[in-house]
Amino acid sequence: MALKPTIAGVLAGLTLLAAACGDDDDNSSATTEVSGTGTAASAAGVTPPDTASADTGADGSASTVPGGEVPQRIVSLSPTGTEMLFAIGAGDQVVAVDDQSDYPAEAAAVMTDLSGYTPNVEAIAGYEPDLVVVSSAGELQAQLETLGIDVWVGESAATFDAAYTQIEQLGAVTGHVGEAAELVGQMQTDIEAIIRSMPAMDAPLSVFHELDDTGYSASSATFIGQVYSALGLRNIADAAEDISGYPQLNAETIIAANPDLIFLADTTCCNQSLETVAARDGWDAIAAVANGNVFAMDDDVASRWGPRVVDYMQQVRDAVEQALVPAG
Amino acid sequence: MPSSRPSSLPAEPGPAPAIAATDPPVVAWSDAPVVASSVGAPVRHVGRWYAGGAVVAVGAILVGVMVGPAGPTWWRVPLALLDHLPNVSIDSGVSATEWTILWQVRMPRVLLGAIVGAMLAVAGASYQGVFRNPLVDPYLLGAAAGAGLGATVVFTVMRSATQHWPVDPAPTMAFLVALVTVFVTYLVGAAFGGDRTGVTLVLAGVAVSALVTAVQTFLLQRNVEVVREVYSWILGRLSTARWHDVRMVLPYVVVACVVLLAHRRHLDLFRVGEDEAATLGAPVARVRLVVVVAATFGTAAVVAVSGLIGFVGIVVPHVLRLVAGSSYRQLLPLSLMFGAAFLVLADIPGRILMDPAETPIGVVTAFLGAPFFLIVLRARSR
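Chains as they are written, first to last, in this note's numbering: chain A, 1 to 328; chain B, 1 to 382.
Since the hints were derived computationally from the structure, they do not count as laboratory data.
Model, not experiment: these values are computed from the prediction.
A few of these clues could be false.
[Claimed, not checked] Some chain B residues well away from chain A (every beta-carbon gap over 10 Å; in silico):
1. V184
2. A191
3. V259
4. P283
5. H318
[Said to hold, decoys possible] According to the in silico footprint, chain A covers these stretches of chain B (three or more CB under 8 Å from chain A):
6. 102-108
7. 213-225
8. 354-365
[Claimed, not checked] Stretch-level coverage of chain A by chain B, calculated; a stretch enters the list once three of its residues show a Cβ under 8 Å from a Cβ in chain B:
9. 212-221
10. 242-252
Every residue, glycine too, gets a C-beta built ideally from N, C-alpha and C.
Looking at chain A on its own, in the form it has when it is part of the complex (with noise of 0.2 Å):
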């Protein structure tokens, strides 16, 4: 019984990736790799979609949320579940959401002290949800199945797709689900007009993401990652085998590897700016820093899967117009 939807889940996952690949002309390989491996991973832990009979939301065979009755008091504890569900019109269902949801603004409305990190299931029943979405399955969704309350689990994704499959999932669940393919519809036109108008490189520009001032990086196995080597840019931090795709850089490598971009994810938590970053011993020497090619991003539109990737992504594609500008 449980095994049966990942599988389906898988196969869905799969076949959204064969179509994918279909129309993705330049860097299909990298992507189809790095698809693979975050659609099955995410498969894992998320409702599998059944994409063929969603259409009214009653998807029984795979959520534990049983058709029927659309959900009107639902408590998110997931930051990007939440950009999610507001995008997609369930935003008046939601009555609270955890401590670290900060947008879009609406969502201050019905923001809590419930913490995604350390929940509390009973503040969490306090708030008498008939859905709780979360970003990991663990004892917090058994302790509230047991209490009679359903749960959807939207694990962080590694891919476009499956960030679509779970903002599919939540149309499903919360009744939106012509809204749900609408912005899906949407986010895909966007990230094709935006990879279409890449300016023209004579070779794939390299990108250090920057995660805090340590060196923690993220590769192209990451979501985020997804968007650089989307937008064909060359990711340093692929040099590093690191299962988990979040490699602590060595300073010299970094330094060595001299990338053309520079990506600040780390503004907000750690106060890095271009002058900060020009400031570490020996960094001036890199191409990034030496040509003022070091962008400030928003810390949490960096860490979430959620719509606003789309922001992001042209944010990026802007940047490396200007970095292309002064070399050429």
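Given the coordinates of chain A, work out where chain B should sit on it, guided by the hints.
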């Protein structure tokens, strides 16, 4: 492997176990023959040990500077260093970027490792001497917990307040809170200690550390978004070493080490027991205070720039006791040199093992240090 270097030292050093008959039973833990020899004649071959230690320390630093995941080929490194001496010009074939990597990234990291290793080993040996307890490490009185809390406070509740400090807030607060924590430990220990102050201090350190850690954990739980940042701050500062860190920490370490080395004869008296030391004319309370203050200042300073690096403060002094003898007259200078060498060498796998990714230094020190310690232990027990 660079770690084979110590084998070039005298294989059978230190005092002969033959004088074990003079063993005074008061000594709680150390092998007693050396008590006799330390109060009386110094360990034999002292000059050779010092020379060996200096060679090993300098050699380790040189090897550390030559090895890395990027930068120039190893044999070009000495040439490049010579080339940058005044009035010397050698064609080292090292590019500008390679020199940047060597001088701006690797050199401060190696030197900081040497400074931190030396300080932790000397502080560890001193604490062990003053408390007559083999399990005391430099962090025991609360320096580690305090530094962790200080950094956490900066990253959580004082984020905006510290944003415009003229000094880097995290290391500064780590240093200050570490000092305050140890001070509290000392007050508690001295107040409740009576005539067993040494033991009470150690226990007070455990209790105060637990309390401080609880506060830190609470703050982290309330601010989960900085958990990553705090942990990478606490665990990984050697990998981001800069010249600024070296300049900042060096004065504290020099002062602390000079003070500790100046008191090493008193530590030898402590080894026979506090009461006995007092009857031998040692100002027990004053020496304990001075040693604890100096070791704490040094430890807090290195923790503030390098994070927590375990094992150095315990393993290095103990290995030296086993192979070179336990007199503090030799132990402290040797700890300084071999502590520096140990941490520099232990940092090399961290840089190249997972190239180009990092392996945390604490993992390497324990992974290499623990078996090495056991091997020495076994070799000496035969």
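Cross-check of the supplied hints:
1. V184: Holds, because the least Cβ-Cβ distance between V184(B) and chain A comes to about 28 Å, which exceeds 10 Å.
2. A191: 36 Å, holds
3. V259: 30 Å, holds
4. P283: 45 Å, holds
5. H318: H318(B) clear of chain A: closest Cβ-Cβ about 31 Å, beyond 10 Å.
6. 102-108: holds (count 5)
7. 213-225: holds (count 3)
8. 354-365: Since three or more residues must qualify, the claim that chain A covers the segment 354-365 of chain B holds, with 5 doing so at under 8 Å.
9. 212-221: holds (count 5)
10. 242-252: holds (count 7)
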